[in-house]
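2 protein chains.
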Amino acid sequence: MARIVQKYGGTSVGDVDRIKNVAARIKAFRAAGNEVVVVVSARSGVTNELIARAKSIHPNPPEREMDQLLSIGEQETIALTAMALEAIGVDAVSYTGAQAGIFTDKVHTKAKIKTIDAKPLEKDLSAGKVIIVAGFQGINEEGHITTLGRGGSDLTAIALAAAIKADKCEIYTDVDGVYTADPRVVQDARKLNEISYDEMLELASLGSKVMQTRSVEFASKYNVVFEVRSSFNNNPGTIVKQEVAYMEKVVVRGVAVDKDQAKVVVSNIADKPGTAAKVFRALAEANINVDMIVQNVGRDGVANLTFTVPQTEIGKVERTLAPVLKDIGGSVTLDDQIAKLSVVGVGMRTHSGVASTLFSALAGAGINLELISTSEIKISVVIAKSKADEAARVAHKAFELEKL
Amino acid sequence: MARIVQKYGGTSVGDVDRIKNVAARIKAFRAAGNEVVVVVSARSGVTNELIARAKSIHPNPPEREMDQLLSIGEQETIALTAMALEAIGVDAVSYTGAQAGIFTDKVHTKAKIKTIDAKPLEKDLSAGKVIIVAGFQGINEEGHITTLGRGGSDLTAIALAAAIKADKCEIYTDVDGVYTADPRVVQDARKLNEISYDEMLELASLGSKVMQTRSVEFASKYNVVFEVRSSFNNNPGTIVKQEVAYMEKVVVRGVAVDKDQAKVVVSNIADKPGTAAKVFRALAEANINVDMIVQNVGRDGVANLTFTVPQTEIGKVERTLAPVLKDIGGSVTLDDQIAKLSVVGVGMRTHSGVASTLFSALAGAGINLELISTSEIKISVVIAKSKADEAARVAHKAFELEKL
Chain A
33 MARIVQKYGG TSVGDVDRIK NVAARIKAFR AAGNEVVVVV SARSGVTNEL
83 IARAKSIHPN PPEREMDQLL SIGEQETIAL TAMALEAIGV DAVSYTGAQA
133 GIFTDKVHTK AKIKTIDAKP LEKDLSAGKV IIVAGFQGIN EEGHITTLGR
183 GGSDLTAIAL AAAIKADKCE IYTDVDGVYT ADPRVVQDAR KLNEISYDEM
233 LELASLGSKV MQTRSVEFAS KYNVVFEVRS SFNNNPGTIV KQEVAYMEKV
283 VVRGVAVDKD QAKVVVSNIA DKPGTAAKVF RALAEANINV DMIVQNVGRD
333 GVANLTFTVP QTEIGKVERT LAPVLKDIGG SVTLDDQIAK LSVVGVGMRT
383 HSGVASTLFS ALAGAGINLE LISTSEIKIS VVIAKSKADE AARVAHKAFE
433 LEKL
Chain B
33 MARIVQKYGG TSVGDVDRIK NVAARIKAFR AAGNEVVVVV SARSGVTNEL
83 IARAKSIHPN PPEREMDQLL SIGEQETIAL TAMALEAIGV DAVSYTGAQA
133 GIFTDKVHTK AKIKTIDAKP LEKDLSAGKV IIVAGFQGIN EEGHITTLGR
183 GGSDLTAIAL AAAIKADKCE IYTDVDGVYT ADPRVVQDAR KLNEISYDEM
233 LELASLGSKV MQTRSVEFAS KYNVVFEVRS SFNNNPGTIV KQEVAYMEKV
283 VVRGVAVDKD QAKVVVSNIA DKPGTAAKVF RALAEANINV DMIVQNVGRD
333 GVANLTFTVP QTEIGKVERT LAPVLKDIGG SVTLDDQIAK LSVVGVGMRT
383 HSGVASTLFS ALAGAGINLE LISTSEIKIS VVIAKSKADE AARVAHKAFE
433 LEKL
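Chains as they are written, first to last, in our numbering: chain A, 33 to 436; chain B, 33 to 436.
Calculated directly from the structure, the hints in this document are not laboratory data.
Careful: at least some of the hints might be erroneous.
Which copy is meant is left open, because identical chains are indistinguishable; a pair holds if it fits in one copy or across any two.
Here are the simulated BS3-like cross-link-like pairs (lysine-lysine), alpha carbons at most 27 angstroms apart as the crow flies [to be verified]:
(1) Lys138 x Lys151
(2) Lys52 x Lys348
(3) Lys142 x Lys348
Just chain A, same shape as in the assembly (with noise of 0.2 angstroms):
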């Protein structure tokens, strides 16, 4: 017998067939005799449909009401899920985030999870019922719901693991795991058995679409394995684990492209102290997250300061920098036909030449570099839109990574 937390995405329960074939899977497990915990998220389509919704009401509604509105895509999916068990002889409790303890802070639409008080939720495990949990929501210290930004049902996932110290945890998701390139754009791409957090990381946040960021870290920093799998199948997944030292053997683990990223170029602004700190902080207090930033400083003493940030936050950009300009001086210049292009592997720690192996390999291609950035074990470059796909071949191809 073992504890598990499963996660279903909103593919995963899409429509009322799919809940009951997910209830179905669901059964298996309990029938084992494990004690299971499932979090599910809203049913694909919803939350952009509430969006649309708002925003035909009010361009930029006000972000506590946002998250009272999309908090009820989940809540739907729980109770229909609960329903669906129920239907076939499984004892099943379904929780709001609020319900099952969630504490978050006062960041609507982007909260972090601050604790989780299971002891309701321990209760009705030791019942013997099956408890489902909505993703992506908690509550504040005010009683306010929060929401807690994309990839939010992962969070839940493995932070409500962590919690309830579960023996597994996996993220059910409408792929089989983590391959070394999009299946769809690399023909050869192969599924990885094994990944580290390190890897995972940059690889979610470069756009693999697996899973967000800062699931990964919660649970690199408390240390849940979880493996990523596809509720359409059977085939094991990918495990995503602490490092270990075969590991290293691979310098390239794979190849992401993100195309929802936008360059900011910021032009003419005096290359002085403090004039890129003006920048980024209006940023940063607006909860736009930045990436790969460059500053080039020209003869004349003034500088150009070039950075990404999500295509979605352009709006907000535009207003957040529109003050600071008139400060520091300056233009604005967007581009939204970019796409970020990643190289990653631990391996990269102990061997050298990967920058020229990708440079050299995209220039063969006739692909201009707009921007690059490095970190200990991933290479990031910034290329056209129209470039991204053929890029990603050529560089899978370039570490030969369709082979095993």
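Given the coordinates of chain A, work out where chain B should sit on it, guided by the hints.
Using the frame of chain A, we list chain B on its own:
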């Protein structure tokens, strides 16, 4: 300046445009210097859609999960309404039932309000905010979400009006007020300017469909004067309040028809003490509302028990009575092709001849009476459903309700 509670039903907030329209109305009340608390229902159709989805998963869904599911309908509307107010410059904040401190008993899908802790709400009111509260829902002491059953949003509004000592309570709906009969059936039906709680109670419980009984009972108990009026125009509605002397001059206030009832006949049961009690105890324990009970005893010591129940409860009645009949003998016949017609008026207390006027008029139109039941201020008869509209017109004419 007054403190106003307003309730908008599902039709009034049926889509984005109607929500904007409601927001504009609310803004006018707020701009006039009033403190405004608004209770909203789910968008029309949403609750039925959720019920259908639940039933496609479980023929008889667990009631706790049903509440967890249905409560999202109102949660959507409160968020959208608050956004619509913010969009036109009105400071607004939404409250779920739980956030509004609406504590109920533990009976899922038909919970009763026990207490309201209006402190957080008072704080936001003092800060000048418009408060939008989800109707129809509350929370029990164990933290489970409950719903109040049909017409629950009206109850939320009236209970809140009592809790925060509102000066006015306005129930906005898709009709202009309470009429002497259904204007779609009886062409010369008139809108009433005022009506007593008792009359409204009888009309509500008898199917005038404007409001549910218990909201009116609650208003009567706490002496909450309220107005039923339309959200689609600015016509004055019907004010519902304590009976005053001049109301008695009108013998019959209105005619109501209820086509949503079914007749249950339990035949050939032993005529001995406790038999009827067993039947009704079982029905009460199953939370089935029973109306118009009649018992006939034949010469051979067997009795027939006849009563009416809501049509939706027919299946539950059959399941509930099956074990009882094994014990007491007898058989059950169900008939959903009936309607209940009632004439109501506090003036009946001091006037005689109302019954004979009604019975003669119906007999004159060839309409047969299957059951009769009377109270101090109403007379109800069960007739064939096919004759219901004609009967309403005949009764309305017999009591000259078309005249002022």
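These are the hints, each one checked on the structure:
| no. | hint | verdict |
| --- | --- | --- |
| 1 | Lys138 x Lys151 | both (23 angstroms within a copy, 20 angstroms between copies) |
| 2 | Lys52 x Lys348 | between (40 angstroms within a copy, 25 angstroms between copies) |
| 3 | Lys142 x Lys348 | within (15 angstroms within a copy, 45 angstroms between copies) |
Against the hints set out earlier in the document, no violation occurs for any number.
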